[in-house]
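Protein chains: 2
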Amino acid sequence: MTIAFDFTNMMAGALASGQGITESQFSNAQKAFSAAHAAVESQRASLGFLSLPTNEALLASTLAVADNARGKYTDVLLLGIGGSALGPIALRTALRPYAWNALDLSARDGFPRLHVLDNVDPLTIAAILSRLDLTQTLVLVVSKSGGTVETMAQYLIVRDALARAMDETRARQHIVFVTDPTVGALRRIARAEGVTTLDIPPNIGGRFSVLSPVGLLPAALIGIDVRALLAGAADMTQRAQSDSLATNPAGIFAVLQWVADTQHRRAIQALMPYADPLRDLALWFVQLWAESLGKIRPDGTHAGPTPIPALGATDQHSQVQLFMEGPLDKTVTFVAVSGRQNDGPIPSRHSDIPELAYLGGRTLGTLLDIEQRATAGALAARGRFNATLHIDAIDAWHVGGLMQLFALATAYAGSLYGVNAFNQPGVELGKNFAYAMLGRPGSDAARAEWDALPKPDPRWRV
Amino acid sequence: MTIAFDFTNMMAGALASGQGITESQFSNAQKAFSAAHAAVESQRASLGFLSLPTNEALLASTLAVADNARGKYTDVLLLGIGGSALGPIALRTALRPYAWNALDLSARDGFPRLHVLDNVDPLTIAAILSRLDLTQTLVLVVSKSGGTVETMAQYLIVRDALARAMDETRARQHIVFVTDPTVGALRRIARAEGVTTLDIPPNIGGRFSVLSPVGLLPAALIGIDVRALLAGAADMTQRAQSDSLATNPAGIFAVLQWVADTQHRRAIQALMPYADPLRDLALWFVQLWAESLGKIRPDGTHAGPTPIPALGATDQHSQVQLFMEGPLDKTVTFVAVSGRQNDGPIPSRHSDIPELAYLGGRTLGTLLDIEQRATAGALAARGRFNATLHIDAIDAWHVGGLMQLFALATAYAGSLYGVNAFNQPGVELGKNFAYAMLGRPGSDAARAEWDALPKPDPRWRV
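One line per chain: the protein sequences are A and B, in this order.
This note's numbering puts the first residue of the first sequence at -13, with every later residue one more than the last.
This note's numbering puts the first residue of the second sequence at -13, with every later residue one more than the last.
Please note that a few of the clues may not be correct.
Identical copies look the same in the list; a pair holds intra-copy or inter-copy alike.
[What the hints assert, rightly or not] Result set (EDC-like, lysine to aspartate or glutamate): computed pairs, CA atoms no more than 16 Å apart in a straight line:
#, residue 1, residue 2
1, K441, D211
2, K417, D355
3, K417, E435
4, K441, D53
5, K441, D(-8)
6, K58, D443
7, K17, D229
Bear in mind the hints are in silico, worked out from the structure with no lab data behind them.
Make the full structure from the sequences, and use the hints.
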């Protein structure tokens, strides 16, 4: 079991036409990385995600709730948005890729299905409520702040539906909150109504919370081996003890992306796994990287590379043309998988037709692997920065390790870019404008600012 | 029924701090747009997508195949990748958003479910074959070239499964090919085995093919009103007869993105619908914009903005922080929907808790609409370029109109950027490397080039 990171194709020696990070650029970055590593270590007490892999108390409380639910429900409905949804979705897609929504309970090994409502579209909510038997459904309400507007709106609708489907005592038993231990609306309701509640430790932000009860509870409920998930993350955390760019994979990832952006103008950074189950891992990474690093620095300048999600081989027929021939503004990080489930030979047929003849006897896993290597090589041959994370299998251990690698890399990158990776001040203005329009008390200043904005100009409408 | 495009927030008058396209930049672009419009009109014979909305013969042949299948199948399995998959998926998600995979045939109004295999992951293919009853399944094999390697691999596996599930005569009746009328492996097989085949006209490339049988056949099979889809597209094509930036929405979209990129360094261009059913429309757009414009110009320079997919309100909790405070390198195009299905008031509860009190009585549609306007206003207040496409409803007419708007805009943008929007030469090298590794005959030159590439360097692996 290992996660290997090959970054040959980020380096000048492998890339065409004078492109690539030079050896001296890389070795010179060691000093900046040592400082970033020290900064993260010094904040350890306030960066709760670092200790999640070994937080036995939090795991025990999560497993107690999951155990209590065992066998009682056919479905789990998670209400949440952003960090409260992307982690659970990524885990579900990666580790229960098709079992999770099989119709037949036995095909799901007896575990419930997990539905995640990550938006407030009325069509989606109506559709899911029309399909679920709420008497067989456990509802998870997940919000770090305990008052996220979209999650509160979802909750009011689903809570009302529960109240109509069963008596009040039972309705309260069908709900679990996952939220901050002290603040927020969910905590107040939990106290008033005696709803079971799991804590998101105060020192863990939403997008760093996948290995807290935010991700672990839904994962445990649908049969994911959460101990293996944590063990993989613990192994990566251990490797990240080192502040050497010779050994710390998370540090190397952060430094390479930072040098590529700031010294080579490669500000667009794609994550491209070659495996369907890792499709949603890329979306989870996009939030982590974008919301953590897209910031105004203390000196007023704007920082932040733009992460984009991709999927191999599918995106060879979509985004790869741009990656190959567009501006020299990107990096691509592949995830390659050596051991694939359900792989078998492609049947031979039409051996007289050249487009088919050479496929017979190959496996799809081989085809995916060859396509990944071919795409990486082609990008390198055209001076395009790329790197590959190699995993042995898509299992809980490796997925936990990958997620912790990216979380650690994000923390380091915040320090390298000179921004606070753990807040999101930029979304406040839009929130406040929405509150003003919704008439939430205390929104007078935002209302005034909103009213002062230029109005739609009919000259610029068609 | 209308599609309105409000681009106030792209213009200098609305944006903070000296940002935005000036009136003179916009009016100066008229000349370039007139030339682009003339170039597209002059290529009309080779740009088949322009006449798809009124191609009655192609529609009739498609509907004949769909009518013949009526009532015979519970499931449709589409094999395809890139342009052969993204259009059908976008239509399915937009126009049969939850009905398409309802378990109950009556909840689907008697229409079959549509499954799209858009990759060669063995896990996905095994899962789907284990669930489908092939005796009740129609298999569509979609490839413009008729020889796409991933689609051929899918086909060999599914064809073998069909042969095991039924006799040969019947197996051939369970397949429809959608491909070029003259060339490619599928056409050869069709002739040899008498498989029903629909044409993709030679002058229509994969990513411009959604209104050809590529999209229309699966759409018609699952109950989408394809005539309304084409009518919406025809209306937009009609509006695009004008070469005036005062009236042609597709032209305005193309010009704004091009000016934003080339004169304001806004090279990252997000499409962000505020509606779950339009989630996959953004992925379809990403292929269209990226693969068409990401090109090497005749003078050797690299062109192409980078499109990214987003979804409101969900991405307010993911990418919007970066859009607000990251580098001034983006545009955001929203899609706002005025008429939403299944909308109703949010129940009141906990009116003593501020985070919930103001929500009761509002609808989710109102919440989404307010959040879209708030986000647009907040971006503008921070100097961030954005625009909004307003549609009355998510129905076939409006979706057809949007798709044709983007297709037309892409054609214009190709001309503005000085690239050929209709080829994809950049993916050939990776394909050839893969063919070489797979041992496809005729790959000797690629094999030699592959063998000459730098090898993985153990110094750059951890």
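Going down the list of hints, with the structure as the test:
1. K441 to D211: Classified as neither; 53 Å inside a copy, 37 Å across copies.
2. K417 to D355: Between copies, since 13 Å is at most 16 Å while 44 Å is not.
3. K417 to E435: For K417 and E435, the Cα distance is within 16 Å only inside one copy (13 Å; across copies 54 Å).
4. K441 to D53: neither (55 Å within a copy, 50 Å between copies)
5. K441 to D(-8): For K441 and D(-8), only the inter-copy Cα distance (11 Å) is at most 16 Å; the intra-copy one is 51 Å.
6. K58 to D443: Classified as neither: same-chain Cα gap 57 Å, cross-chain 53 Å, threshold 16 Å.
7. K17 to D229: within (10 Å within a copy, 57 Å between copies)
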